[in-house]
Amino acid sequence: MADEPTSKQPEKRPETSEGQPPARETSAQKPAEKPAGEKPVPPKKEAPPAWPKPLDNEMVRRFRQRFGDAILDALEDRKQAILVVAAERLREIAEYARDEEQFDMLTDLTAVDWPKREKRFDLVVNLYSFPRNERLRLKAAVGEHDQPPSLAPVWAAANWLERECFDMFGIRFEGHPDLRRILLPDEWVGHPLRKDYDILQQDTAWVRENLGIESGQ
Amino acid sequence: MDAVVEFLKPHLLPLLWAVVIVAVLPLVAGYIVLLERKVMADIQARLGPMRVGPHGLLQPIADALKLLLKEDIIPANADKWIFWIAPLISVTAAMLALSAMPFGPVFQIADLNVGLLFIVAVSSLGIFGIVLGGWSSNSHYALLGALRSAAQVVSYEVAVGMALVSGLLLAGTLSMRKMVEAQAEQGVWFAFLVPVGFFIYLVAGIAELNRAPFDLPEAESELVAGYMTEYSGFRWALYFLGEYTAMIVVSGIGTTLFLGGWLRPFPNVAAFDFLDYLPAVLFLALTGYCFYRAPKQPVPIQKAVMGLFGVLCLGITAALGWAVTLPAEAVARAGILGAFWFLAKVFLFLYSFMWFRFTFPRYRFDQLMRLGWHFLIPVSLVNVMGVGAALVLHRQAGWPLWQGLVLGTVVTLAVAAWLILVRQRRPVAAPSAGGEV
Amino acid sequence: MAETPTRHVHFPGMDTTVLGADEIIINMGPQHPSTHGVLRVKLHLDGEKVIGSECIIGYLHRGVEKIAEHRSYQQFAPYVDRMDYVAAVSNGLGYCEAVEKLLEVEVPPRAKVVRTILTELQRIASHLLWLGTHALDIGALTPIFYCFREREEILKIFEKYCGARLTTHAFRIGGLQYEVYDGFEEDVKRFLADFDRKIDEYEALLTTNRIWVERTKGIGVLSAQDAIALGVTGPVLRASGVKWDIRKAFPYAAYDRYDFEIPVGSNGDTYDRYLVRMEEMRQSRRICLQAIEDIPSGPILGKVGKVMKPAPGEVYHSIEAPKGELGYYIVSDGTTQPYRVRIRPPSFINLQAFDTMVRGHLVADVVAIIGTIDIVLGEVDR
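Residue numbers (the numbering used here), protein chains in the order written: chain A, 1 to 217; chain B, 1 to 437; chain C, 1 to 382.
Just chain A, same shape as in the assembly (with noise of 0.2 Å):
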């Protein structure tokens, strides 16, 4: 009964044309957009810091000395470190920041759809550093059709992480040792956390096959 993709709840996220994330437009849009009487926005003059800010320290500088323009920002958020990275030279980066900078755990890796943006992903690597005790997050935006590469080389967690990424997303990751659903079955049509995946929608004909049973049951 629920096929087709009912593309109604991604149209209903005040999302600007271009797709922009919200997260990255400027602070001086932000208070048109809170209802009044929800979170308090503060004044502009003595404004608690507005999320994100541009991040600049001796770290960035660093990565920005080594990789250049595929350093595309610096943000932070919540306090929490943010490098807006080039999606080819995500391995690259990676091992620097690991051999380098230290950060020798790979916390978390997952994507998030936005689909009105021209490349459609945002992969979101979460790294953890044990001699610093700080997190950095990474973030690379990929096109649907694109093959970021693949991190298990650098950290064996990202195996499952990856797989699990392509699972959801379909996202593919070049240079991956095994690149299967892992918590879907094989056959299965479709990668659920894309935001045109409706949250009624199955693939109907699999459960048909193997369950026995009709969609929705």
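It is possible that some hints are incorrect.
Some, not all, of what chain C presents toward chain B, calculated at C-beta under 8 Å [unchecked claim]: (1) Ile26; (2) Ile138; (3) Gly139; (4) Thr142; (5) Arg149; (6) Thr207; (7) Ile211; (8) Trp212; (9) Val307; (10) Leu362; (11) Asp365.
In silico BS3-like cross-links for lysine-lysine, where the CA-CA straight-line distance does not exceed 25 Å [what the hints assert, rightly or not]: (12) A/Lys116 <-> C/Lys309; (13) C/Lys217 <-> C/Lys243; (14) C/Lys156 <-> C/Lys198; (15) B/Lys296 <-> B/Lys66; (16) C/Lys303 <-> A/Lys79; (17) A/Lys119 <-> A/Lys195; (18) C/Lys303 <-> A/Lys116; (19) B/Lys38 <-> C/Lys309; (20) A/Lys119 <-> C/Lys66; (21) A/Lys53 <-> C/Lys309; (22) C/Lys160 <-> C/Lys198; (23) A/Lys195 <-> A/Lys116; (24) C/Lys42 <-> C/Lys66; (25) C/Lys101 <-> A/Lys53; (26) A/Lys195 <-> C/Lys66; (27) C/Lys309 <-> A/Lys79; (28) C/Lys306 <-> C/Lys66; (29) C/Lys101 <-> A/Lys79; (30) C/Lys248 <-> C/Lys217; (31) C/Lys248 <-> A/Lys79; (32) A/Lys195 <-> C/Lys309; (33) C/Lys306 <-> C/Lys101.
The set of hints was computed from the structure by calculation and includes no laboratory data. Given the structure is predicted, the values throughout are model-derived calculations rather than measurements. Backbone N, C-alpha and C fix where the C-beta goes; we use that ideal spot for every residue, glycine too.
Following the hints, put chains B and C in place on chain A, whose structure we already have.
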């Protein structure tokens, strides 16, 4: 006709015993299961079966009925005939072994002059049931269970045999009855003369029974149910019956050879004659408890069942009490009291089996093999040599027997300690070391 | 058999079509007594030795992350209880704190302390469940009943506090759902008073038991290097000798107010993981004892509106759940519903280390290793 009757006469009593054993054993096994569940519950701080009958006393009957009525599934790819016959082999072998077991000076089907040999030989046939069952199921888990079982039983048979030899040397006979008589003559249970042999028998016996901590063939957390994985319904119950019967057999051998069989503690000391009254008093107390609890049961049926059990206990009390009043030479007296003591000792064994099961984690297969081949077998060999040397010294040099035996035991313990220390010093075996399968 | 879903037998870097004479492929799970739920492991065996393994997961996949995108922030909170359902309080704490961070709300101190107490009790409960099932897998039938006896006391406290025993939904974004009930302190104190002795009881059964030691020492060794590369966290990481605990690294709730030690192992084997978790229970008790003595008074809910609209942006927040680092990465687009909620499940990532740990061991060790990772499939599959 007279000739036939005359011919059958000596066989009537054994035949009766045989029928009694075959008929009663399933019930007994069922109640041993109940006992096991109660012991388990007690160790695990809970109550165990309480619903079917008072204190779960009818649970075994309900279980048996359920198993009888359950669908008997034979997997499509199984080797049907072997699958069908394998549990029977296990049960038959275990029951056959009981035929030479003296449950008392009277209750014995046949006193073979090679009794122990016969029992050990027949009961080890039971392994065929397990191996064939596991193989014919055509399932990986069952096959692994069967292979483990075969390797385990073959390995531990040696240790069991050696432990038994150490007792046999003292008894000087293979006849089960004469073993007990030898202990009566010498005035001491052999368990005290060859403690190491007794201990090895206990450990290796548990391993041969495939019971925890050596229950690898049916290790439920690894192999689901091992060789029984594909069995269901009554065939599965037969395996259980076989296993519990084998427990009785192993306990029976241990009791006969090491714990003085049907003899009461201190059979030759008159000061302990009051022990003859103990069975009756014990059952009287049990009767009292049943009658005391009966009105407190919640449902009339449970009250009735509890009362019935009280009557049963009263009956046993009466039998035991009657036996005590008989003169000392009466056959019935010796038979009834002897049976009580024999069964009491068997239950002591069974209780210890249960106790171990609920206390210890399970051995891994290679560790089990290492324990068997590297520890139990060498120690039991040294033990046999020690007993032999003691006997030689006793007969040739006139040493008191106990001195030689103490010396032998000390040497054996020294060897055991050395083996333990060597094993401890050795680094933990590389995990890649495969089992002997 | 024909209608069961078929999935490819696949061992990375191994040709499974050619099996040696002694080699078999055995399928453990999803219905197996000791795969702790619906984990399915394909084992490639040589005799009884494991030469390859593959975990097949997803049998419990419910699309929690997708659901989150269609619920408001408050509505989603009960869903996280269903992930690691044996440590629902910890899940709730992680989620609430992540949203609070996103909203930049300050939680009143009373709420923080009560959260800490409940979360530590939950850690004890989760570790007790782990201990019981782990011992059961290795063949010790009894400890699980002792563990459940104590766990029951904790669940009773939860039930009195919020009406639920398992999926508690104990906290609310911004603070607590309920004020603690009368007698909460006494209940907790009574439980803690003799819990130490109870741990001694478990240890008496296992710690020096020769069979237990032989079954766990040197089994499933994970070096610190491998552990970090595999992203393993929690007791598994600590047993490998890495002294890292989010409660100390990034103190959340009220953990910065209390003294406690982080137990670490040295060999990274199953035995060390066992010891680490046992010691963690003692440390949790220590934290609770300190916290229960001094619960600050005051409000239990911070300043949060009925409708939560966090400013656009994103936040990653993680807590030290009983099983490891439980992280929530939440992206807000300024509406009442999260744009994306990513849950970093500790069990999922720890389970990835299974293959490294299990190779070369025997079948009997497989269950010990599954047990020692301490997975909950609800969390692995989400």
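Okay, the hints, checked on the actual structure:
About 5 Å separates the beta-carbon of C/Ile26 from the nearest beta-carbon of chain B, less than 8 Å, and the hint is met. Annotation: interface hint on C/Ile138 holds; nearest CB of chain B at approximately 4 Å, less than 8 Å. Using the Cβ-Cβ criterion of 8 Å, the hint placing C/Gly139 at the interface with chain B is satisfied: the shortest such distance is roughly 3 Å. With a cut of 8 Å, the hint placing C/Thr142 at the interface with chain B holds, because the nearest CB-to-CB distance is about 5 Å.
For the restraint placing C/Arg149 at the interface with chain B, the shortest Cβ-Cβ distance is roughly 6 Å, inside the 8 Å limit, so the hint holds. A hinted interface residue such as C/Thr207 counts as satisfied when its beta carbon comes closer than 8 Å to some beta carbon of chain B; here the least separation is about 12 Å, so the hint is violated. Annotation: C/Ile211 was flagged as interfacial toward chain B, and the flag holds, the nearest CB pair being 5 Å apart, inside 8 Å. Of the supplied interface hints, the one on C/Trp212 holds, with its beta-carbon coming within about 5 Å of a beta-carbon of chain B, less than 8 Å.
Because the closest C-beta pair between C/Val307 and chain B is about 49 Å apart, greater than 8 Å, the hint is violated. Here the hint on C/Leu362 is kept, as its CB sits about 6 Å from the closest CB of chain B, short of 8 Å. Below 8 Å, beta-carbon pairs count as interface contacts, and C/Asp365 has one with chain B at about 7 Å; its hint therefore holds. For the suggested pair A/Lys116 and C/Lys309, the alpha carbons sit about 22 Å apart, so the restraint of at most 25 Å is met.
This hinted pair checks out: C/Lys217 and C/Lys243 have alpha carbons roughly 20 Å apart, not beyond 25 Å. For the suggested pair C/Lys156 and C/Lys198, the alpha carbons sit about 17 Å apart, so the restraint of at most 25 Å is met. Our distance criterion of 25 Å between C-alpha atoms is broken by B/Lys296 and B/Lys66, whose separation comes to about 28 Å. As the CA atoms of C/Lys303 and A/Lys79 are separated by approximately 20 Å, the hinted pair is consistent with the 25 Å bound.
For the given pair, A/Lys119 sits about 14 Å from A/Lys195 by alpha-carbon distance, which is consistent with the 25 Å threshold. Annotation: proposed proximity of C/Lys303 to A/Lys116 is violated, straight-line Cα distance about 35 Å (limit 25 Å). Of the supplied pair hints, the one linking B/Lys38 and C/Lys309 is violated, its CA atoms being roughly 59 Å apart against a limit of 25 Å. Between the alpha carbons of A/Lys119 and C/Lys66 the distance comes to roughly 21 Å, so the proposed pair stays at or under 25 Å and holds.
Taken as a hint, the A/Lys53 and C/Lys309 pair is honoured in the structure, with Cα atoms around 20 Å apart against an allowance of 25 Å. The hinted pair formed by C/Lys160 and C/Lys198 meets the criterion: a straight-line CA distance of about 23 Å does not exceed 25 Å. At most 25 Å may separate the alpha-carbon atoms for a hinted pair to count; A/Lys195 and A/Lys116 meet this at roughly 10 Å. Between C/Lys42 and C/Lys66 the CA atoms are separated by roughly 29 Å; this puts the pair beyond 25 Å, and the hint is violated.
For the proposed pair C/Lys101 and A/Lys53, the alpha carbon gap of about 16 Å is at most 25 Å, so the pair holds. Proposed proximity of A/Lys195 and C/Lys66 is supported: the alpha carbons are some 9 Å apart, at most 25 Å. The hinted pair formed by C/Lys309 and A/Lys79 meets the criterion: a straight-line CA distance of about 19 Å does not exceed 25 Å. Between C/Lys306 and C/Lys66 the CA atoms are separated by roughly 23 Å; this keeps the pair inside 25 Å, and the hint holds.
Restraint check: the Cα-Cα separation between C/Lys101 and A/Lys79 comes to about 10 Å, which is no more than 25 Å; the hinted pair holds. Only pairs whose Cα atoms come within 25 Å are accepted, and C/Lys248 paired with C/Lys217 is rejected, the gap being roughly 28 Å. As the CA atoms of C/Lys248 and A/Lys79 are separated by approximately 18 Å, the hinted pair is consistent with the 25 Å bound. For the hint pairing A/Lys195 with C/Lys309, the CA-to-CA distance comes to about 20 Å; that is within 25 Å, so the pair holds.
Restraint check: the Cα-Cα separation between C/Lys306 and C/Lys101 comes to about 17 Å, which is no more than 25 Å; the hinted pair holds.
Violated hints, listed in ascending order, are 6, 9, 15, 18, 19, 24, 30; each of the other numbered hints is respected by the structure.
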